[in-house]
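**Q** The lines below spell out each chain.
2 protein chains.
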Amino acid sequence: MNASLLINENHRIQTQQLDVPPRLLLGPGPSNAHPRVLQALGMRQIGHLDPQFIELMNEIQSLLKYAWQTDNPLTIPVSATGSAAMEGTLANTIEAGDVVLVGINGYFGHRLVDMAGRYGADVRKLTKPWGEVFNLDELRAGLEEHRPAILALVHAETSTGACQPLEDVGDLCREYDCLLLADTVTSLGGVPLLLDEWGVDMAYSGSQKCLSCPPGIAPFTLGPRAVNKLSQRKTPVPNWYLDMALVAQYWGTERTYHHTAPINMNYALREALRLVADEGLEARWARHRHTAELFWEGLAEMGIKCHVEAQYRLPSLTTVCIPEGIDGKAVTRQLLANYNIEIGNGLGELAGKAWRVGLMGFNSRPENVTLLLTALKEVLAKEGYSAS
Amino acid sequence: MNASLLINENHRIQTQQLDVPPRLLLGPGPSNAHPRVLQALGMRQIGHLDPQFIELMNEIQSLLKYAWQTDNPLTIPVSATGSAAMEGTLANTIEAGDVVLVGINGYFGHRLVDMAGRYGADVRKLTKPWGEVFNLDELRAGLEEHRPAILALVHAETSTGACQPLEDVGDLCREYDCLLLADTVTSLGGVPLLLDEWGVDMAYSGSQKCLSCPPGIAPFTLGPRAVNKLSQRKTPVPNWYLDMALVAQYWGTERTYHHTAPINMNYALREALRLVADEGLEARWARHRHTAELFWEGLAEMGIKCHVEAQYRLPSLTTVCIPEGIDGKAVTRQLLANYNIEIGNGLGELAGKAWRVGLMGFNSRPENVTLLLTALKEVLAKEGYSAS
Numbered sequence: 001m002n003a004s005l006l007i008n009e010n011h012r013i014q015t016q017q018l019d020v021p022p023r024l025l026l027g028p029g030p031s032n033a034h035p036r037v038l039q040a041l042g043m044r045q046i047g048h049l050d051p052q053f054i055e056l057m058n059e060i061q062s063l064l065k066y067a068w069q070t071d072n073p074l075t076i077p078v079s080a081t082g083s084a085a086m087e088g089t090l091a092n093t094i095e096a097g098d099v100v101l102v103g104i105n106g107y108f109g110h111r112l113v114d115m116a117g118r119y120g121a122d123v124r125k126l127t128k129p130w131g132e133v134f135n136l137d138e139l140r141a142g143l144e145e146h147r148p149a150i151l152a153l154v155h156a157e158t159s160t161g162a163c164q165p166l167e168d169v170g171d172l173c174r175e176y177d178c179l180l181l182a183d184t185v186t187s188l189g190g191v192p193l194l195l196d197e198w199g200v201d202m203a204y205s206g207s208q209k210c211l212s213c214p215p216g217i218a219p220f221t222l223g224p225r226a227v228n229k230l231s232q233r234k235t236p237v238p239n240w241y242l243d244m245a246l247v248a249q250y251w252g253t254e255r256t257y258h259h260t261a262p263i264n265m266n267y268a269l270r271e272a273l274r275l276v277a278d279e280g281l282e283a284r285w286a287r288h289r290h291t292a293e294l295f296w297e298g299l300a301e302m303g304i305k306c307h308v309e310a311q312y313r314l315p316s317l318t319t320v321c322i323p324e325g326i327d328g329k330a331v332t333r334q335l336l337a338n339y340n341i342e343i344g345n346g347l348g349e350l351a352g353k354a355w356r357v358g359l360m361g362f363n364s365r366p367e368n369v370t371l372l373l374t375a376l377k378e379v380l381a382k383e384g385y386s387a388s
Numbered sequence: 001m002n003a004s005l006l007i008n009e010n011h012r013i014q015t016q017q018l019d020v021p022p023r024l025l026l027g028p029g030p031s032n033a034h035p036r037v038l039q040a041l042g043m044r045q046i047g048h049l050d051p052q053f054i055e056l057m058n059e060i061q062s063l064l065k066y067a068w069q070t071d072n073p074l075t076i077p078v079s080a081t082g083s084a085a086m087e088g089t090l091a092n093t094i095e096a097g098d099v100v101l102v103g104i105n106g107y108f109g110h111r112l113v114d115m116a117g118r119y120g121a122d123v124r125k126l127t128k129p130w131g132e133v134f135n136l137d138e139l140r141a142g143l144e145e146h147r148p149a150i151l152a153l154v155h156a157e158t159s160t161g162a163c164q165p166l167e168d169v170g171d172l173c174r175e176y177d178c179l180l181l182a183d184t185v186t187s188l189g190g191v192p193l194l195l196d197e198w199g200v201d202m203a204y205s206g207s208q209k210c211l212s213c214p215p216g217i218a219p220f221t222l223g224p225r226a227v228n229k230l231s232q233r234k235t236p237v238p239n240w241y242l243d244m245a246l247v248a249q250y251w252g253t254e255r256t257y258h259h260t261a262p263i264n265m266n267y268a269l270r271e272a273l274r275l276v277a278d279e280g281l282e283a284r285w286a287r288h289r290h291t292a293e294l295f296w297e298g299l300a301e302m303g304i305k306c307h308v309e310a311q312y313r314l315p316s317l318t319t320v321c322i323p324e325g326i327d328g329k330a331v332t333r334q335l336l337a338n339y340n341i342e343i344g345n346g347l348g349e350l351a352g353k354a355w356r357v358g359l360m361g362f363n364s365r366p367e368n369v370t371l372l373l374t375a376l377k378e379v380l381a382k383e384g385y386s387a388s
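As given, the protein sequences belong to chains W and Z, one line each in that order. Just so we're aligned: 214 in UniProt numbering is position 214 of the first sequence, and the numbers increase by one with no gaps anywhere. Just so we're aligned: 301 in UniProt numbering is position 301 of the second sequence, and the numbers increase by one with no gaps anywhere.
Take the hints with a grain of salt, since some may be wrong.
[Claimed, not checked] In silico EDC-like links for lysine to aspartate or glutamate, alpha-carbon gap of 16 angstroms or less:
no.: 1; chain 1: W; residue 1: K229; chain 2: W; residue 2: D98
no.: 2; chain 1: Z; residue 1: K329; chain 2: W; residue 2: D50
no.: 3; chain 1: W; residue 1: K329; chain 2: Z; residue 2: D50
no.: 4; chain 1: Z; residue 1: K125; chain 2: Z; residue 2: D98
no.: 5; chain 1: Z; residue 1: K128; chain 2: Z; residue 2: E349
no.: 6; chain 1: W; residue 1: K125; chain 2: W; residue 2: E144
Derived from the structure by calculation, the hints contain no laboratory data. Please read these numbers as outputs of a predicted model, since none were measured by experiment.
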């Protein structure tokens, strides 16, 4: 074959069989996948139009509705990571010129602004310091002033550890004829979340947080009011991959090919959602709460504060104030190198001020708190910290 | 907890532990993953910014450059399926009003048209019957007439089984100051493909074809001329998730967080690419060719024709003409139900006229040809077919 003369061998590098350190992932995500989920992930494939796969798809949709507490028919996993599902909510419902009001009290509010702008929205902002949340009066004032088509709020801010209360926000949005969008990336499966009860019209999440599934597939839902806005669009959705008018034909009764579904990631998500159903939402939420409280108590005993006020603290993600004089990154580096524990550094306004500790899904267990607190104590002692 | 009163149990369905039939996937994709790939897929996770993961990322980039025969620094896996990588090439390089000339000789040409239109391109079309390819004179005439910014061709048309020759097309595009985009979904890792030698400026692929990796991660590359167009954009990329100006900062030296990489899918792709490097491209291309020829010979002995002329036939995907009087879908149904073999029905112009048979990656083995031909013979006999 003549081609053989032309083969460039420069990039044909020698590599080793895959091996990775046994990390305990207690950062902002990914969390460790549940062993049952990893087992499902490695199952042999079937085709994306195989009748057996279609049965699995139906199961995934049901279980996802349970986890999110919604009856929305358009509840599916997007074939990408959570950021794509986030973009999907905006891409499908924004038409150029629509006013979108974004609550910004952390990193992901800024991302919503960036994304919405790319879809031609007239983006308005409500801002609060990182780690605080919006109350109903503030939201009402914002709706009154901006009269948006969409109000976007982050239910669980992964960058700050704050939980935005959403009770009654849906009613408020209906009063102002506005859709309510909620980022539930770090709440789904770990933090009380009742989409329909709260009147959330669109939501997205990630698989790699409280669901304990690897990243690469992302829960997505549109309620009837959002679907209505989608169906009345004057222009096509300016994003082919995330166009729910097309994707819904594959997940709906038509089963029309759109793109090849990520088969094994769907296996994994199904198993993760089965674990949620097996445990039950109330028990799961209580477990996350209990584990987080153990951690918070341990921090308090060490004289270390949390960044977020107790009543708005996410059980799934805690922003831990770095004690004065301590180099936060030196601590995360030592935890990783000497204990195989990953925790996160602060992002944005909290960079250098806080660590981010996730106790999510399978990882939300007391023994992980014990290990982390002990390791943290040892590392901080080396760094010269003593509780005052 | 008061919330417990509100829990909707309707969707908390009972499900069984995951089990799927042992399908032999000989359709247009997904193909069966290599066992080594499935094993890597199920490996425990590490974080997407873990130093160990960054090493794996570097290896993936090198091995992907080898498989594609390119030195393009911006050679990465997109965190979604092949269709998203396809959209990524267009989203990053099209600015509203750019003329994009698309060669349409199958389903995926139409998809390129749909996608390019959503990004505001002035789309022009070169068309040929499904299963044929464009020659250099036809391409030159198209460039002369339309003077496009981008010429988009499908190297391996999964809907028709035709292989579009690309030798000298890059030179032609340079003559007309135009970027060359190639769909290599069904060729990468199975069919001779020399991106740099042929002057291809941007390409995408899928993991679930000749690479024998599950779907959910997608090879993507932009050459220097395409990167130049991206860097000179007057408007932001109208797609956040696929914005290579951002994604490249995670895959480049900055390692800036953009989205959470699909860790386990990256493990799997790395293993799939290691298999390509272990075997060597020439041997791999020869194996695909040899297996396909066995299949074509077997069909000929049965008096069954292939849709594509021999010299343009893809070794990875064959469109098999359904013999007159035979119900094509009845045959695919029986192959699945009675032999656990998946082959594909025809798409678009070939619906009802052809089957699509993939012999890709790990599945490109003589014993699979033997089994398929035998099963096909048995099913066709039941359906009343006899070779004339």
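**Q** Hint by hint, say whether it matches the structure.
**A** For each hint, the structure was consulted:
1. W:K229 x W:D98: Given pair W:K229, W:D98 holds - Cα atoms ~11 angstroms apart, limit 16 angstroms.
2. Z:K329 x W:D50: This hinted pair holds, its Cα atoms lying about 13 angstroms apart.
3. W:K329 x Z:D50: holds (13 angstroms)
4. Z:K125 x Z:D98: holds (14 angstroms)
5. Z:K128 x Z:E349: Holds, because 12 angstroms separates the two Cα atoms, which is no more than 16 angstroms.
6. W:K125 x W:E144: Given that 16 angstroms is the threshold and the Cα spacing comes to 13 angstroms, the pair holds.
The structure is consistent with each of the numbered hints, conforming to all of them.
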